[in-house]
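Chains A and B, in that order, give the protein sequences. Per the numbering used here, the first sequence starts with residue 406, numbered consecutively. Per the numbering used here, the second sequence starts with residue 10, numbered consecutively.
These are calculated hints, taken from the structure and not from any lab test. There may be inaccurate statements among the hints.
Unchecked claim - The calculated lysine-lysine pairs, modelled on PhoX-like cross-linking and capped at a C-alpha distance of 25 Å, are:
(1) A:K552 <-> A:K702
(2) B:K44 <-> A:K445
(3) A:K618 <-> A:K702
(4) B:K44 <-> A:K439
(5) B:K46 <-> A:K439
(6) B:K46 <-> A:K470
(7) A:K850 <-> B:K11
(8) B:K62 <-> A:K446
(9) B:K42 <-> A:K446
(10) A:K439 <-> B:K62
(11) B:K46 <-> A:K445
(12) A:K850 <-> A:K568
(13) B:K42 <-> A:K470
(14) B:K62 <-> A:K453
(15) A:K445 <-> B:K42
(16) B:K42 <-> A:K439
(17) A:K558 <-> A:K546
(18) B:K62 <-> A:K445
(19) B:K125 <-> B:K90
(20) A:K827 <-> B:K62
(21) A:K675 <-> B:K62
(22) A:K470 <-> A:K453
(23) B:K44 <-> A:K470
(24) A:K446 <-> B:K44
(25) B:K46 <-> A:K446
Okay, here's what each chain looks like letter by letter:
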Amino acid sequence: MDTFIPAEYEVVRNPDLCIACRVCERQCANEVHKYDSDLKKMIADSTKCVNCHRCVCLCPTHALKIVKSDDTYRLNSNWHVQTMNEVYRQANTGGVLLSSMGNPNDYPVYFNKILVNASQVTNPPIDPLREPMETVVYLGKKDVEMKRDINGKLVDTLPPQLKLSVPIMFSAMSYGSISYNAHEALARAAEELGIYYNTGEGGLHKDFYKYSKNTIVQVASGRFGVHADYLAAAAAIEIKMGQGAKPGIGGHLPGMKISDEVSKTRMIPKGIDAISPAPHHDIYSIEDLRQLIFTLKEATAYSKPVIVKVAAVHNVAAIASGIARSGADIIAIDGFRGGTGAAPTRIRDNVGIPIELALAQVDERLRQEGIRDSVSIVVAGSIHSSADVVKAIALGADACYIGTAALLALGCHLCRSCHTGKCNWGIATQRADLVKRLNPDIGYKRLVNLVTAWEHEIQEMMGGMGINSIEALKGNRLMLRGVGLNETELRLLGIHHAGESM
Amino acid sequence: MKRIYVNEDRCLGCRLCEWECAFANSGLDEMFKLKGKFGTEYSPRIRVEGEDKTEVHFAVNCRHCTGAICVKSCIAGALSKTDDGMVKIDRDKCVGCFTCVLVCPFGAIMPAPDGKAAQKCMLCTDNQAGEPNCVAHCPNGAIVYEER
Numbered sequence: 406m407d408t409f410i411p412a413e414y415e416v417v418r419n420p421d422l423c424i425a426c427r428v429c430e431r432q433c434a435n436e437v438h439k440y441d442s443d444l445k446k447m448i449a450d451s452t453k454c455v456n457c458h459r460c461v462c463l464c465p466t467h468a469l470k471i472v473k474s475d476d477t478y479r480l481n482s483n484w485h486v487q488t489m490n491e492v493y494r495q496a497n498t499g500g501v502l503l504s505s506m507g508n509p510n511d512y513p514v515y516f517n518k519i520l521v522n523a524s525q526v527t528n529p530p531i532d533p534l535r536e537p538m539e540t541v542v543y544l545g546k547k548d549v550e551m552k553r554d555i556n557g558k559l560v561d562t563l564p565p566q567l568k569l570s571v572p573i574m575f576s577a578m579s580y581g582s583i584s585y586n587a588h589e590a591l592a593r594a595a596e597e598l599g600i601y602y603n604t605g606e607g608g609l610h611k612d613f614y615k616y617s618k619n620t621i622v623q624v625a626s627g628r629f630g631v632h633a634d635y636l637a638a639a640a641a642i643e644i645k646m647g648q649g650a651k652p653g654i655g656g657h658l659p660g661m662k663i664s665d666e667v668s669k670t671r672m673i674p675k676g677i678d679a680i681s682p683a684p685h686h687d688i689y690s691i692e693d694l695r696q697l698i699f700t701l702k703e704a705t706a707y708s709k710p711v712i713v714k715v716a717a718v719h720n721v722a723a724i725a726s727g728i729a730r731s732g733a734d735i736i737a738i739d740g741f742r743g744g745t746g747a748a749p750t751r752i753r754d755n756v757g758i759p760i761e762l763a764l765a766q767v768d769e770r771l772r773q774e775g776i777r778d779s780v781s782i783v784v785a786g787s788i789h790s791s792a793d794v795v796k797a798i799a800l801g802a803d804a805c806y807i808g809t810a811a812l813l814a815l816g817c818h819l820c821r822s823c824h825t826g827k828c829n830w831g832i833a834t835q836r837a838d839l840v841k842r843l844n845p846d847i848g849y850k851r852l853v854n855l856v857t858a859w860e861h862e863i864q865e866m867m868g869g870m871g872i873n874s875i876e877a878l879k880g881n882r883l884m885l886r887g888v889g890l891n892e893t894e895l896r897l898l899g900i901h902h903a904g905e906s907m
Numbered sequence: 010m011k012r013i014y015v016n017e018d019r020c021l022g023c024r025l026c027e028w029e030c031a032f033a034n035s036g037l038d039e040m041f042k043l044k045g046k047f048g049t050e051y052s053p054r055i056r057v058e059g060e061d062k063t064e065v066h067f068a069v070n071c072r073h074c075t076g077a078i079c080v081k082s083c084i085a086g087a088l089s090k091t092d093d094g095m096v097k098i099d100r101d102k103c104v105g106c107f108t109c110v111l112v113c114p115f116g117a118i119m120p121a122p123d124g125k126a127a128q129k130c131m132l133c134t135d136n137q138a139g140e141p142n143c144v145a146h147c148p149n150g151a152i153v154y155e156e157r
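Turn these sequences into a full structure, and let the hints guide you.
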């Protein structure tokens, strides 16, 4: 018999407030809540609860809360309750543990140990409400040779660029891992904001071709959904070499998430697990990568930038240098806290490096080699707020990808159960009754609100520094100071400690 | 005229609207005071069609029909059309014959819990909610109040 694993979180119901409307029961896909007709009251089975907060948010009388269970094994600083439960779970099942969303463990968040400068007295701050503040950025290769025609006029030799109204894009989340409605919300928000969303490796649903000028399409190791029209439709093409949540691992979409539409879009059989391999089987070197980049460029008549996305790993700087030389227009780097729809727990929690360090090192290396302008850098992997965007840009990024933050805007409460396919918020599920819960009309407005709010905050922070364009902030590490960081960390980030002057 | 419309693609069948309707029309100051009284002392004027765990749900309340048959059928003159087109019921005039309940093609009029008069949606013009409470509290924007 399986070892019983006690609930990690408990549903607490205030009996004075509960009116037994049964909304919680109807809204819980995990079947935690039940109306007991004998007792004539609602009861809850906390062992099934994933703590998604759907019931708490919808309870009309605010009668519910979810608390960390105080049930505990004998306290042990070496063997934590969760570690023990994981052993029990594996002994019960014999399986690899799966997890979703980003690494939740207590690793340092460097963004939180970096402070931003502001102008005082000698260099006036700028008020973004009264003066122009440029947040537009262009992503792509910029180190082109100046050429003049026979009349001495400049010839446009600039390779294709992506124009972003704000240095923020929605990161790759595939149709299949997330729902149709979630994709629609992302696509519509990207269009309204003048930014881009990313199909992930799930292909592009036929209904979303109308948003293609704001769509980045991904070519991943499984090549799901890749065909000529797909490439032709996109604003840019991203080759996914790795993902921050699971560097060195391919993808795994459980068969139950592969509905008719997902199957059609991905061009794979319905109901059968879709496994994308860990490597691209045609890429074993930078030269091979170059071949794929130019294959894609050739296929699209050199009309769109090609992005290469890699996970932040130990020698990411050297890898990025190789990518920059392989003909990529943009490098996307995904830090170890980046999200996922499903990853082996051990990989997610133990592999990769923080995005802040990876970014600083990549930017530094490309500058040293004199090739920084030949690529743009986009960073991902837990960009929590507009302040993180500002810090990332000052560390050398051109733009940021946001994934988790975007999902939070759509209702996600980070219960980290995406891999079960029973998302109560209608995001990471393909069950029609659950997908319905995410109304794209509401969702896209919330995404637009989020990015608009961040844009205002970015402008405020830049204004405070006396900077009036993203260009002037980019790589401006003198605007950053570290707090509580050691010498090595400061050296790697290329910033001074707080209190140190120029 | 602005009416309440329901988009069945968005309706989750959570039945929050029923409770919010009953609360708005109850005159109670706190929703939790509905405890044990829903369906007996207070009943909603909006009903979600579709059983739990079935695929399609949608909330139904008075359509405020142009040639409202309930108004025509009322023997006591309790049902009338206001100038802006809303079908209104005057509880004091209603004699409880429930002919309107029988003729309403949408099942949108029902006996009040006391059984002495009919009740129907009056777009929350007859309570403190101000605007339709079901619309304000639909978690998925499935119920809208708009001109069409």
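Checked hints:
no.: 1; hint: A:K552 <-> A:K702; in the structure: 22 Å, holds
no.: 2; hint: B:K44 <-> A:K445; in the structure: 11 Å, holds
no.: 3; hint: A:K618 <-> A:K702; in the structure: 17 Å, holds
no.: 4; hint: B:K44 <-> A:K439; in the structure: 17 Å, holds
no.: 5; hint: B:K46 <-> A:K439; in the structure: 20 Å, holds
no.: 6; hint: B:K46 <-> A:K470; in the structure: 24 Å, holds
no.: 7; hint: A:K850 <-> B:K11; in the structure: 23 Å, holds
no.: 8; hint: B:K62 <-> A:K446; in the structure: 20 Å, holds
no.: 9; hint: B:K42 <-> A:K446; in the structure: 15 Å, holds
no.: 10; hint: A:K439 <-> B:K62; in the structure: 14 Å, holds
no.: 11; hint: B:K46 <-> A:K445; in the structure: 13 Å, holds
no.: 12; hint: A:K850 <-> A:K568; in the structure: 21 Å, holds
no.: 13; hint: B:K42 <-> A:K470; in the structure: 19 Å, holds
no.: 14; hint: B:K62 <-> A:K453; in the structure: 19 Å, holds
no.: 15; hint: A:K445 <-> B:K42; in the structure: 16 Å, holds
no.: 16; hint: B:K42 <-> A:K439; in the structure: 21 Å, holds
no.: 17; hint: A:K558 <-> A:K546; in the structure: 22 Å, holds
no.: 18; hint: B:K62 <-> A:K445; in the structure: 21 Å, holds
no.: 19; hint: B:K125 <-> B:K90; in the structure: 22 Å, holds
no.: 20; hint: A:K827 <-> B:K62; in the structure: 14 Å, holds
no.: 21; hint: A:K675 <-> B:K62; in the structure: 24 Å, holds
no.: 22; hint: A:K470 <-> A:K453; in the structure: 15 Å, holds
no.: 23; hint: B:K44 <-> A:K470; in the structure: 19 Å, holds
no.: 24; hint: A:K446 <-> B:K44; in the structure: 10 Å, holds
no.: 25; hint: B:K46 <-> A:K446; in the structure: 14 Å, holds
Of the numbered hints stated above, none is contradicted by the structure.
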